[in-house]
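A.B. asks: Under the working numbering, read the sequence shown as residues 1 to 47, first letter to last.
Honestly, I wouldn't trust all of these hints.
Between beta-carbon pairs, the in silico distance windows are [as the list claims (entries may be wrong)]: (1) 23 - 44: 15 to 21 Å; (2) 37 - 3: 24 to 30 Å; (3) 38 - 4: 27 to 33 Å; (4) 30 - 10: 17 to 23 Å.
These are calculated hints, taken from the structure and not from any lab test. Heads up, the beta-carbon is just placed ideally off N, CA and C, and yes, glycines get one too.
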Amino acid sequence: MPATSRIAIVGAGHVGATTAYALMLRGLIAEIVLIDQSIDHAIAEAT
Numbered sequence: 001m002p003a004t005s006r007i008a009i010v011g012a013g014h015v016g017a018t019t020a021y022a023l024m025l026r027g028l029i030a031e032i033v034l035i036d037q038s039i040d041h042a043i044a045e046a047t
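Use the sequences and the hints to build the structure in full.
C.D. replies: Here's what the structure looks like:
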């Protein structure tokens with residue numbers, strides 16, 4: 001069954017980035033948005 005859920009994670013530090021990575025690996029979420037005070041940090045974690 002394909003994932004159709006969307007989630008936003010506030011904070012792209014160690015915990016936020018690890019959470020996003022785990023959700024991506026498990027295929028539980030169709031779209032993940034990382035929100036952080038530093039746009040450069042959020043972009044670095046997302047790529």
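A.B. asks: Next step is simple, just say for each hint if it's right about the structure.
C.D. replies: These are the hints, each one checked on the structure:
Range check, residue 23 to residue 44: Cβ separation about 18 Å, and the 15 to 21 Å hint holds. Checked against the hint of 24 to 30 Å, the C-beta distance between residue 37 and residue 3 comes to roughly 28 Å, which is consistent with it. Separated by about 30 Å at the C-beta atoms, residue 38 and residue 4 satisfy the suggested range of 27 to 33 Å. About 19 Å separates the C-beta atoms of residue 30 and residue 10, a value consistent with the hinted range of 17 to 23 Å.
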